[in-house]
Structures are given as C-alpha cells and as structure tokens.
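Undergrad: Each chain is listed here by its residues.
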Amino acid sequence: MQALHQKVKELLESGKVQVVIGYGEGSGGKSRPVFIRSAADAAKLVWDDRCHQNLAVYINKPEIKKMGKAAIVAHPAAVRTIVQMIAEHQLSSGAIIVLAVENDTLEELTDNSSLEVYAQSHPVLFPPFVVKEIEDIAALSAAERFEFWQNELEKCFKCYACRAACPLCYCERCIVECNQPQWVSVPSHAQGNFEWHMNRAMHLAGRCVSCGSCTIACPAGIPIGLLTIEASRIARTEFGFEPGISCDASSAMSSFRNEDKETFIQ
Amino acid sequence: MKSITHDNLLKLLAGLADEGKIVYAPVRKGQKVFFAPVQNMQPVVFDYIQTTESPKLVLFPRYEPLISFEYQGKEVKVDDPSAAAPAERVLFGSRPCDAMALKRLAEFFDRDIPDALIAGRQKALTVISMSCIKADADCFCTSTGSSPGDICGSDILLTPVENNGYAAEILTGKGASIADRCSSLFSEIPEIRKEQYLAKVEKAFSHEEVRKKLSHAFDHDIWNGASLRCIGCGACAFVCPMCSCFDIQEEGTAKKGSRVRCWDSCGFSLFTLHTSGHNPRHNQSERWRQRVMHKFSYQPEAAELTGCVGCGRCSRACPSDMNLKEQLQDIAANVETV
Amino acid sequence: MPSNNIYNPYLMRIEKITDEAPGVKTFRLKFTNDAEREQFNFKAGQFGEYSVFGEGESTFCIASSPMRKEYVECTFRQAGRVTSALARREEGDVIGFRGPYGNIFPLEEWKGKNLLFIAGGIALPPMRCVIWNALDLRDWFKDITVVYGARSVADLVYKYELDEWGKRSDMRLTTTVDPGGENPQWTGKVGFVPKVLEELAPASSNTIAIVCGPPVMIKFTFPVLEKLGFTPETMYTTLENRMKCGVGKCGRCNVGPVYVCKDGPVFSYGELKKLPAEY
Ligand SMILES: Cc1cc2nc3c(=O)[nH]c(=O)nc-3n(C[C@H](O)[C@H](O)[C@H](O)COP(=O)(O)OP(=O)(O)OC[C@H]3O[C@@H](n4cnc5c(N)ncnc54)[C@H](O)[C@@H]3O)c2cc1C
Ligand code: SF4
Ligand code: SF4
Ligand code: SF4
Ligand code: SF4
Ligand code: FES
Numbered sequence: 000m001q002a003l004h005q006k007v008k009e010l011l012e013s014g015k016v017q018v019v020i021g022y023g024e025g026s027g028g029k030s031r032p033v034f035i036r037s038a039a040d041a042a043k044l045v046w047d048d049r050c051h052q053n054l055a056v057y058i059n060k061p062e063i064k065k066m067g068k069a070a071i072v073a074h075p076a077a078v079r080t081i082v083q084m085i086a087e088h089q090l091s092s093g094a095i096i097v098l099a100v101e102n103d104t105l106e107e108l109t110d111n112s113s114l115e116v117y118a119q120s121h122p123v124l125f126p127p128f129v130v131k132e133i134e135d136i137a138a139l140s141a142a143e144r145f146e147f148w149q150n151e152l153e154k155c156f157k158c159y160a161c162r163a164a165c166p167l168c169y170c171e172r173c174i175v176e177c178n179q180p181q182w183v184s185v186p187s188h189a190q191g192n193f194e195w196h197m198n199r200a201m202h203l204a205g206r207c208v209s210c211g212s213c214t215i216a217c218p219a220g221i222p223i224g225l226l227t228i229e230a231s232r233i234a235r236t237e238f239g240f241e242p243g244i245s246c247d248a249s250s251a252m253s254s255f256r257n258e259d260k261e262t263f264i265q
Numbered sequence: 000m001k002s003i004t005h006d007n008l009l010k011l012l013a014g015l016a017d018e019g020k021i022v023y024a025p026v027r028k029g030q031k032v033f034f035a036p037v038q039n040m041q042p043v044v045f046d047y048i049q050t051t052e053s054p055k056l057v058l059f060p061r062y063e064p065l066i067s068f069e070y071q072g073k074e075v076k077v078d079d080p081s082a083a084a085p086a087e088r089v090l091f092g093s094r095p096c097d098a099m100a101l102k103r104l105a106e107f108f109d110r111d112i113p114d115a116l117i118a119g120r121q122k123a124l125t126v127i128s129m130s131c132i133k134a135d136a137d138c139f140c141t142s143t144g145s146s147p148g149d150i151c152g153s154d155i156l157l158t159p160v161e162n163n164g165y166a167a168e169i170l171t172g173k174g175a176s177i178a179d180r181c182s183s184l185f186s187e188i189p190e191i192r193k194e195q196y197l198a199k200v201e202k203a204f205s206h207e208e209v210r211k212k213l214s215h216a217f218d219h220d221i222w223n224g225a226s227l228r229c230i231g232c233g234a235c236a237f238v239c240p241m242c243s244c245f246d247i248q249e250e251g252t253a254k255k256g257s258r259v260r261c262w263d264s265c266g267f268s269l270f271t272l273h274t275s276g277h278n279p280r281h282n283q284s285e286r287w288r289q290r291v292m293h294k295f296s297y298q299p300e301a302a303e304l305t306g307c308v309g310c311g312r313c314s315r316a317c318p319s320d321m322n323l324k325e326q327l328q329d330i331a332a333n334v335e336t337v
Numbered sequence: 000m001p002s003n004n005i006y007n008p009y010l011m012r013i014e015k016i017t018d019e020a021p022g023v024k025t026f027r028l029k030f031t032n033d034a035e036r037e038q039f040n041f042k043a044g045q046f047g048e049y050s051v052f053g054e055g056e057s058t059f060c061i062a063s064s065p066m067r068k069e070y071v072e073c074t075f076r077q078a079g080r081v082t083s084a085l086a087r088r089e090e091g092d093v094i095g096f097r098g099p100y101g102n103i104f105p106l107e108e109w110k111g112k113n114l115l116f117i118a119g120g121i122a123l124p125p126m127r128c129v130i131w132n133a134l135d136l137r138d139w140f141k142d143i144t145v146v147y148g149a150r151s152v153a154d155l156v157y158k159y160e161l162d163e164w165g166k167r168s169d170m171r172l173t174t175t176v177d178p179g180g181e182n183p184q185w186t187g188k189v190g191f192v193p194k195v196l197e198e199l200a201p202a203s204s205n206t207i208a209i210v211c212g213p214p215v216m217i218k219f220t221f222p223v224l225e226k227l228g229f230t231p232e233t234m235y236t237t238l239e240n241r242m243k244c245g246v247g248k249c250g251r252c253n254v255g256p257v258y259v260c261k262d263g264p265v266f267s268y269g270e271l272k273k274l275p276a277e278y
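Residue numbers (numbering that gives the first Met the number 0), protein chains in the order written: chain A, 0 to 265; chain B, 0 to 337; chain C, 0 to 278.
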C-alpha cells in the first residue's frame, strides 16, 4: 500500500494525471470508490481484500473524464476489462495509466502491450464463494438447475445494478430500453426477468471478464454473474474466445467462422 | 396492556392465513430477507435488522396492470382491475419506520387525484409491526421523524420483551378487530416501559435543518463531489419503502394485453429523457441531487412529508457505498445557511 | 374518467384525420360514450394522455377550443413508438384518452388586455386552443396578435386556419419561416422568430405575451420581450417535461418542487425564474 501511495503521489505531483480512481475507506468497514485529485490525499487509498468492485466502470463517466487524465487502481480482472474496452474501442490506448495491483505487487502499465502481457500472466481468480457456487451449480441436473434459476430470478426487481456495475455494459441505450420493437418485457415478472438476464448473458458472451462486480452489486443477493461467466465459458471452450487479453481482438458475437460449432445450442 | 407469546403469535398469523387473508412476512432467500406471502409460519424469520426489499410491495407492487384491453374488430374492450375488491392482506414484521413509510406512501398516492388501486389495497391492509431491539450504523430513523418503537402507521405494534414474548399495543380499529377475535391468544400484563427494550439510534442530523439548507442548495457544488461514485442504478429506489416513482408500459400482443405500471427510479439516465434527445437531467450529479432534494426538500415543501424514514436500506443496498446518512450529515455540516 | 381508476382512459373514436405537415397529423376525436362526452369539460392550456392500446400512452395538449364541446382535437408529430403507432391509425379506429390534466391559461385574468401569441414549429397546437378560445371570447380582449414561425413552409401546421386568421380583421397574423425554408410562393416573412419579433416591436403596455416553442426559441424570445418592456409576470409559456401518469404520481416531470403535469404545464416567466432550470 505504501508503494501505491508513493506512486499516486508522484503521478499527481508531476501532473502526469489529474485524478486517480481507486479504493478508499467506506462506511461500516466497507471499501468504496474514491477519486483522488491531490497528492496530499494519496494516503486515502486502500488496497486489500475488501476491494472487489471493478473500478473500470468509472473510466468513461463524463464527470470523471472532465477532470483530465486519469490513473486507475486495477485488480487483474479490471486490467482485463481495460484491455477488452480497448479492443472494443471504448478506450484509446494510452488514455489511462493502469496501476495493476495484486496481493502486495504494484505495476504501472501505460501501453497496450504491457497491459496484454499483464493480463495474460494474471488469470482472474474467483473469490472462493464464487468457485463454490460454480461447482454447486455444475453438480445440479438440468431440471434442478432450471429450478435454481427460477428461484433466484424471482428475487430480481430489475434495478439494473448488475448492469450499472459492469464496465462492459456501456451501451447508452441498453436493449431493455429499446421500444421499437420492445425486445424485452419491462416488468420484473418471471418472463421479463428471464428475457432480461438471457439477453444480458448473450451480450456478454465472450466479453465478460468474470470480475464478479455484478454479483457483488446485486442488492437481492442473486449470483447473477454466474450467467455471464457461463456464457463466457461457452465462448471460450466452444469458440476459443478469451476476453481481455488482446487489445485488438474481434468479438465472439459478431464474428462467424465456418468451423464454428453449434453444440452449445441446447 | 396486552402481550402475546412467540408460539401464540405464530398461531395468530397462521389463523389469519387460514381465514383466507394473504399474510406477508419476512422470509430468508439466500443471504437476504424479503417480504413474501406465507401460508405456514415455518419459514418466517425474526432475526433481521431490516429486510432487503421493503414492504412497500403490499401497497405498491413491483408491477401491476392498470387496465387490460382486447381488440374486437375496430372496437376495444377495456377491463379495470380496480373494479375487483382487493384481497385482505396482513403485513407482519414491518419495522416502525416501514409502517410510517407505508402511511406516508398511501397519503402520497391519495393526494389531489386519488389512486384507487393503492387506496383499495391500503383499506384492506392490516399492519402488525415489530419494534426494533437492534439497529445498525445505517439506521437513522430518529433523524427523519420515526424511532425504534414508533407507533405511526401500525395497527398492532409488538415489542419483544422477556421470556420469548411480545408486548402488544393495539393501535387502531383494524388491530382491535384481530385482537378481539383472537383474544384467547393474548394475555393481559401490567403496563410496561417499552423504551428499556428498544434499540438506541442516535439522532444523526435534523431533517428540518437539512430542509432549510436544501431550499437554496440547488446550485451548490456539494452535488458534484457527492455523486461521483454513484453508478446510476435503481437499487436505492427499489429497496426504498418511500420511493413511489413508476413507469407505464404495455404488455401482451397488439390484440390483447395490459397496461402495466412498474417501479422506476430517478437515478436512471433515461428517466427524464425526451424523445427528441433532450434530457433535463443529463449527469448523474443532477440525478443524485434529485434523489436527495425530492426526499428532503421538494416533498417536505409541497406536502409536509419527508420522503425518507431512515430505514437505511438504500445505504445497505448501494453497490458504491453512497451512504445516505453520511451524505445528509455532510449537507447539514457543509451547506451554509443564508 | 370512466371509472374511479385514474389510469382508465376514455375510449375515443377517430372521426377525422388531417395531414398538417410532413410527419404531423391532427386527430379529431369523439367520445364513444355520450354520457362521458356530456360531462367532459376542459380549459385552454390543458393536456391529455392519448394511447394506442398495445403501444402505450403519449402526452399532447388539447388543440381544440374548449367552447367546441362535440370533440377533442390533438396535433402530434411522429417521433417515437406511440406517435408512430398513432400515425398508423385510420378514421373510425378507437384510441384511449385520459384528461384533461394540468393548469390553464388564465384568460379571465387577461380580460381587457392585448394578447400577443408567439409560437414556433409544432408548438402551435397548444397555442391554437387558447387562440380559438380567445377568438370565441373576442370581446374580452383588445388587440390579438399572432406571430408564428416554422422551419420551412412545409412545416407550418394548420395552413387552412392560418389563411382564415390572416383574413380576419379582428386579429393580426405574422408568419415566418427560417432562412432557407421559403419557397417562391411564400409571402410571409423570412427569419427566426425572435428576430422577426424584434422588427415587429409589439407594444408591451397592457399586453400579455404567450410563447410556445422549442427550448431554443423560448430562450431567445424572452430576452427580446424583456427589451420591449414585458415583465416576467406578463410573459407565459408551457413546459414539456417527459411524462407518464399526467396526475402527479409517477414522479417523472418535476421541476424542483413543482410537477409540470399537475402544477403546469402553463407557467409565467416570473414563476419559471423561481424554479431550478431543470427543463
Ligand atoms: C404537456 C405536454 C404537451 C405536449 N403536447 C404535444 C403536442 O401537442 N404535440 C406533439 O407532437 N407533442 C407534444 N408533446 C410531446 C410528446 O408528448 C412527445 O413527443 C411524445 O410523448 C413522444 O412519444 P413517443 O411514444 O412517440 O416516443 P417514445 O420515444 O417512444 O416515448 C416513450 C415515452 O416517453 C415519453 N416521452 C418522450 N418524450 C416526451 C416529451 N417530450 N414529453 C413528454 N413525454 C415524453 C412518453 O411518455 C412516451 O410514452 C407534449 C408534451 C408535454 C409534456
Ligand atoms: S442487480 Fe440483481 S435485482 Fe438488480 S436487476 Fe440485476 S439481478 Fe436483478
Ligand atoms: S431513502 Fe434510504 S433510508 Fe430513507 S426510507 Fe428510503 S431506503 Fe430508507
Ligand atoms: S424522485 Fe427519486 S427519490 Fe423521489 S420517489 Fe422518485 S425515485 Fe425516489
Ligand atoms: S446511490 Fe447507489 S444504489 Fe443509488 S443509484 Fe447510485 S449507485 Fe445505485
Ligand atoms: S407525469 Fe407523472 S408525475 Fe407528472
């Protein structure tokens, strides 16, 4: 953490960046996103095992962009997100300084190739509770799995915190808000919730970097990230797409190759 | 005064369900506690500080048809769901802040042009609340006009006392009708001082002071800094017992369907977007300001009604730790009086 | 409303459809239920929620005069889902209507004064209602002047009425189109509304100015009027915040503590100045 404070102090003092997006002390022992704009505040940054939220979600927020050039404290999944954002032309290369953190290490990544090297050498490690959830669900029969999701999705009241927390859900007008035609039924009943989450999973297939931010954000406690993680697993094992490791990758949903398998349609 | 044992309370609720009333009670789903209709009382939980979703759904459900329609050639047949008498409901386990919120919510929908759907449900609702013997750091009911043992809005208020029982305050005619019919389940105890059992919630700010300061704070720079980490989801509004905003949407086919109202939130970027592309609230800071202003300035100015009861749900639900109590303390401390 | 459910619309039959301009139509609507028609009343400035069942509701002002009680008219521009669905309706079809909602132009207070109406583009409809209302009550007022501008000649709405108004001796009409929007037959003025207004320089004494139009037009028109001597209390406009319920419940249309649907849409410039600029 000392190294992080030092680095951020330097970046702000030298004028290399005007704002650092990082984690700070929150309420009730939680961490929270903070936006450090002066070297004197660098010590307000924290980095420990409470810091799960994917801060890449703030990079393109207009209020933050207005502040000038930014640096961001990024865990391995956030690094992958940034790589994926560059691949999807949501971020130009070199636009942001990435302070990649994992355990006690800190690396400053400023160009595409260093981001890619870092992303490729730092796989996203799920928190233990996510690993357990994935295993539990894999052990269910198809009917049981359907019932599991029915019960989970019944809790969803469509607050869209999962979408808002996801840096890769950046569409200005999400499919749920398009009304000509109305693709997704708006009320949060069984059908509306099912349509919403299936659409979201499809849109994130091969793009979701498995950061888990959506699950953490969901106030209803739905392990909603499992759907996009699964969609991405299919994209990886069936089509060879690994999101967030190459700054000029094409996307799984918009590329078609003759040798693509169709076995995932079940 | 009256009291009831834990076992008799479960019997009372089960009896109400058997009579055909829909009994909403707190149940655990995964890690979180929700209000849900229960037939038997086995899943009902008591060990929560606050539920995740508020009980507003008993008056103002997540979604509901406002009308339904069917085309018959060139003609259209419209059905009005408010014509049917609403089911008798019992809400159990609401906190005093929740009961106050339901009362204010019903008043809001009844103001000027009454909303018959909400009023009908309110008439058919009996509220059996539970005083708070525990609170957490996110609670601030005492700053918004409620308190851990407040009776406002409840028909019966139970306060946990010694020996696994509850002191029962029968507060309204609706409450009395239940207590009278099931009088064998209650016993008489000498008057108690319930304060000794209640949680202590320190007053964090004065809502009158906040209201005064907000009345000239629209252009204050406090909003910019305060809202930077808000990601504009609907979590705070959807868990809030007092947020009343809704969207109206069509469901079904082009021939037959219904017009449905669903919860909405002023935090969403599209909430105020015109078809032309113009948006009066372009930035999240403007939307966050609307949230605070609506609850603590606009509603109090317009109707002497604070749009928040301090239940703390929004702070617990917020993925970005916006913490409303802290924000209001900040306003009380840092916005100047003129 | 047909029942005490405030969201339950009247069923209205489209009696007549008029094509006003590209993408702009006027519907004349008749109550399918006579009893409902009998007890229906509204005043100039009010609006309604018009709906296509299966597509949704949309907010338009009532464009006909409150004195003509047999029907309700609305004029709308095809913009999104509901207005597109409305545009596909035919004469004889049934649509929904909720209303009347909102406050009114205070015509009674304006008795004995001159009226100056300034409208831009599709905003003539809200104005048309109050203009007809004022003409129906002609002896209440002194001079009546209308300044109406649109992007091009094709975009002018109520062309047949403009002709009629132009010929009337008891009112003055000035029409204008934006530079480049004229055609060889055009005999009106060419120029943006605020500029034309500056040239006309109408007298401000004992006069009420009513301004309706796109936000930019309003923004540039009020200063011109102030220069001409109008005070904030003698200038009126209508706001168009996004709406859903129309009755102060859905929470969408507020400007500060004021709901445009319930406390508006008609505001004096003086009232607007007291509100945050959230529109
Ligand atoms: C008081 C008032 C009077 C109006 N009078 C007229 C009129 O006389 N003629 C006319 O052409 N237009 C008028 N409008 C604007 C008109 O309501 C919108 O253009 C229309 O609702 C667009 O709906 P849509 O379904 O086609 O668009 P979509 O984009 O599909 O709209 C979706 C929803 O958004 C809402 N909405 C979007 N834009 C607006 C807006 N600017 N104002 C209100 N609600 C909006 C509607 O509730 C609609 O249901 C008026 C608006 C208001 C508030
Ligand atoms: S965050 Fe949870 S409750 Fe909200 S929309 Fe997503 S899954 Fe549903
Ligand atoms: S604003 Fe927050 S604390 Fe206040 S009533 Fe709503 S959820 Fe509870
Ligand atoms: S305006 Fe915002 S804060 Fe107020 S009730 Fe609506 S959603 Fe809640
Ligand atoms: S305050 Fe929190 S819960 Fe509310 S919109 Fe912002 S991020 Fe979402
Ligand atoms: S339109 Fe619903 S509150 Fe004004």
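Mixed in with the good hints, there may be bad ones.
[Unchecked claim] Ranges between beta-carbon positions, derived for each pair: (1) A/36 x C/158: 54 to 60 Å; (2) A/42 x B/198: 50 to 56 Å; (3) A/42 x C/272: 55 to 61 Å; (4) B/198 x A/2: 40 to 46 Å.
Simulated from the structure, these hints should not be mistaken for lab results.
Backbone N, C-alpha and C define an ideal beta-carbon position, used for all residues, glycine too.
Undergrad: Hints numbered earlier in the text: which of these fail when held up against the supplied structure?
TA: Result: hints 2 and 3 break, sorted rising.
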